[in-house]
Amino acid sequence: MSAATHTEVHANLTDEQVRQISDELDEPEWLLETRLEALDALSELDMPDVIRTPGRDWTNLHELDYESLVDPLNAAENKDQVGPEEAEVLAWSEAVDEHEELLKEHFGSVVDPQENYLTALSTALFSTGTVIYVPEGVDAEGVTIRTEQNSRSLFNYTLVVTEESSSVTILERQSTGEDSEALRASDSASGDEPRADEQYYSGIVEIVAGENSNVQYGSLQNLSEEAYNFTLKRGDADTYATIDWIEANLGTQLTKSGVETELNGDGSESQIVGAFYGHNDQHFDIDARVWHRAEHTTADLVTRGVTDDVARSVYEGVQDVGRDAWDTSSYQRENTLMLSDESEADASPKLIINNHDTEASHSATVGQIDQEDLLYMTSRGVQPRDARNMLVEGFFVPVLEEIAVDELRDDLEELIAARLRQRD
Amino acid sequence: MARLELSNLHAEVADGDEKILEGVNLEVKSGEIHALMGPNGSGKSTTAKVIAGHPAYEVTEGEVLLHLEEGEFGDEIEIDDDQRSWNILDLEPNERAALGIFLGFQYPAEIEGVTMTNFLRTALNAKIDEREELFEDEDADEDDEEDEGFETSPMEGPADEGEVGVAEFQQILQEKMEELDMDERFAQRYLNAGFSGGEKKQNEVLQAAILEPSIAVLDEIDSGLDIDRLQDVSNGINSLRDEQGTGILQITHYQRILDYVEPDHVHVMLDGQIAKSGDASLAEELEDKGYDWVREEVYGTA
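Protein sequence lines correspond, in order, to chains Y and V.
Here the first sequence stands for residues -13 to 410, where the numbers follow our numbering.
Here the second sequence stands for residues 36 to 337, where the numbers follow our numbering.
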C-alpha cells in the first residue's frame, strides 16, 4: 500500500493553498506549521486500514480520484452552530481568536494529524469547524451543528472539551446543499473530471472528556448519494468520564467512518451505537473501536444496519483490553439485515484481551428477513410490503432505543421510514 | 356461514420432492369444532401451513375451497353470487386472512421492535381494506384509486389511521385481553418477544378474538401450556365458536385439551391422509389404544 498507488492529490496541492486557508482563518503560526507538516507528510502516508478478505479489499480508498475531488480553495457550506448559553459553541475562526491555548493543548491530541493519508489531508485543508467547550460543572443540553455542503470538497473539524463534572449533548448532521454555486463554478474550471455532482466530505472529531464528565455525541450523515465521506471520530475519556457515540449513516456512495474511544481513566465508560441503511450502490465501511487502558472501564458497542439493492457494508468492531485494564466489562454486537440477494455485508468483531480480569462478549450476524416472521404477519392480514417495512423498522428499534438524543432518534426513524416507503 | 373444504389435497416440500400430504379430504363449517389428531410426521402441521399459504410447501394436486354465504362479513360487504366460492390456493396469505382464515401457529414468531398493539391494529385495518378490495363493486373502483394515489405518496407520513382508529382499537384490545385474563402490559410489549410458551399461545387466541375469523386453524395451541393457562386458552377458543361462530380446526397430540374444548368431530391423520373420522369418543379411544390401532384397522382391512 504505497502512496504511489493512489492518485497523488498532494502533487497538486501547494504550501501556498494551505497558507491561504490558514491565513483566512487568522490562525497562529503553530497551527499553520501543523497543517504544512501534514501536507508534507502526505507522500509518505498510507490510506487507512480496511478489511480484507481473501482476494478482496472491501473498501478501495485508492480508487477515489482525489485530484479532481479535492478543491481546497472553493469550500462552501451552510452551517448552524447553536447551543445553550452555559457552553461555548464556537466556529473555528472564533475559537482561534478566543481559545488559542485550549486549541494548542488539544488540537491533534486525540487523532494524530498524520495518522494516515486522509487525516493528514483533512488537517492540511480543513476550512471550517466547531469547538465546543463546557466549563466545570456545567450541564449543556442541545448543542446542534448542521453542515450543508455546497462545494466539491469540504474539510471539517470538530473539537469537544468538557471540564470536570460537566456534561454535554451534541448532535452533528451533514447533508448536501441543493444549490451549490461553488460546485458549478469549480466544475467549469476543471475539464473532463468526475461526475459534476460528486463531492468529497472529510471530518475529524476529537473529544477530550475531563474527569467525571459526560459527553453524548450523535452524528447523522445524510449527504448526497454522489458524495464520498471520510470521517474519523475519537474520544479520550478521563477518570469516571463517559463518552457515548451515536453514528448514523444514510447518505454517500462511499463512507469510511471510524468511531473510537480510548478509555484512559479509571472507571471510564463508552457506548458506541451505530445504525446504517444502504441502498442502490452505496458502500459503508464502519469501524467501532474501543481501547480499555485503565481499571474498571466499561464499553458497549451496538450496531445495526440494513443493505438493499447492490449496497455493501463492512463493519469492523474492536474491543482492545490492555494489560493494565483490570476489571474490564466490554460488550459488542453487530447485526446486518440484507433486503436483497445482491447486497453484501461483512462483519468482523474483534476482541483482544491482555488482561484476564475481563468480562466480555462479542457477536455479529448477517441475515435476511425471516420468511416465517413474514408469514406470521401476512397470515394475520398485514400486506407483505407493510409486514416487511414493520420488520425492518423493528430491526432498528434496539438501536433507536439506545439513542438518548430525541431529535436524532426522530430524524433517523423518519429517514428509515422514508427510505423504506420508496421501495416497492 | 362459511365452509372450508379440503379436497384431495396433495402437497410436498417446495425445495425437494418429499411428499407430505397425499389426498386430504376435510370439511370445517362455521360453528363446528374439529380435532385433527395423528402421530408426528403424519401431515397435520403441513395441512395447517398449506391452508395459510406457507411458501415452503407446494400443492401438487387438489383444492382448498372456502365457501361463503351472504352476510358472512356483515351488512357492509355484499358478497355477489360469483364471489361465494374461493380457491384460496390462488390467494396470498394476507388475502386468505381477509376472507376469514386464521392460522394459530405452533411456534409463533417473535418480532422484535413491533408492539402487539401496532401489529394487531395494522392487521385488523389491513384485513378490512383487503376485504373491501376483494368484494368491491366495479363502480367503486375509481374513487378508491384516487384515494390510494394520495395515501401512498412517499412524502406523506404513515397513511391515515385506517378504519379502526387508535383509541377505538385500544378499547377492543383491552376488552379481549380481560376476557382472556391477559396482563394489559402485553399490549405494549413487542410481539411475542420474550413471551413464555404459554403467553405466546394465549396471544394467538387473543389475535383470533380480535380478527374474528370465519375458520381458525389452531396448530398445537395446547402444547407448552400449564393447566391454568390451558383453561384460559380453552375458554378463548370456546368463545370464538360461541360468540363469533368461528369454525375451529384444532390440531393436537393430546386428549387433554379436548376435555375443555369438546370437538364435534375428530379426525385421525396417518401418512398424509385422513384415515378415520368420528365424534368425540374417537379421541378417547385413541388415548387408550394409540394410533397403531387405527393403522391396523385402516390398513388391515384395506
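Fair warning: there could be bad hints in the mix.
Claimed, not checked - Derived Cβ-Cβ restraints for the label pairs, each shown as a range: (1) V:A91 to Y:P40: 32 to 38 angstroms; (2) Y:E345 to V:S312: 31 to 37 angstroms; (3) Y:P384 to V:Q205: 47 to 53 angstroms; (4) V:I262 to Y:P40: 42 to 48 angstroms; (5) Y:L337 to V:L100: 56 to 62 angstroms; (6) Y:E345 to V:N60: 20 to 26 angstroms; (7) Y:G353 to V:E96: 32 to 38 angstroms; (8) V:E219 to Y:P40: 17 to 23 angstroms; (9) V:A228 to Y:E345: 54 to 60 angstroms; (10) Y:N46 to V:V94: 36 to 42 angstroms; (11) V:V94 to Y:Q408: 32 to 38 angstroms; (12) V:N75 to Y:G353: 41 to 47 angstroms.
Just so you know, these hints were derived from the structure itself, not from any lab.
C-beta: ideal position from N, C-alpha, C; glycine also.
Against the structure, the hints come out as follows:
{"no.": "1", "hint": "V:A91 to Y:P40: 32 to 38 angstroms", "in the structure": "holds (34 angstroms)"}
{"no.": "2", "hint": "Y:E345 to V:S312: 31 to 37 angstroms", "in the structure": "violated (59 angstroms)"}
{"no.": "3", "hint": "Y:P384 to V:Q205: 47 to 53 angstroms", "in the structure": "violated (25 angstroms)"}
{"no.": "4", "hint": "V:I262 to Y:P40: 42 to 48 angstroms", "in the structure": "violated (57 angstroms)"}
{"no.": "5", "hint": "Y:L337 to V:L100: 56 to 62 angstroms", "in the structure": "holds (58 angstroms)"}
{"no.": "6", "hint": "Y:E345 to V:N60: 20 to 26 angstroms", "in the structure": "violated (60 angstroms)"}
{"no.": "7", "hint": "Y:G353 to V:E96: 32 to 38 angstroms", "in the structure": "holds (35 angstroms)"}
{"no.": "8", "hint": "V:E219 to Y:P40: 17 to 23 angstroms", "in the structure": "violated (54 angstroms)"}
{"no.": "9", "hint": "V:A228 to Y:E345: 54 to 60 angstroms", "in the structure": "violated (25 angstroms)"}
{"no.": "10", "hint": "Y:N46 to V:V94: 36 to 42 angstroms", "in the structure": "violated (48 angstroms)"}
{"no.": "11", "hint": "V:V94 to Y:Q408: 32 to 38 angstroms", "in the structure": "holds (35 angstroms)"}
{"no.": "12", "hint": "V:N75 to Y:G353: 41 to 47 angstroms", "in the structure": "violated (29 angstroms)"}
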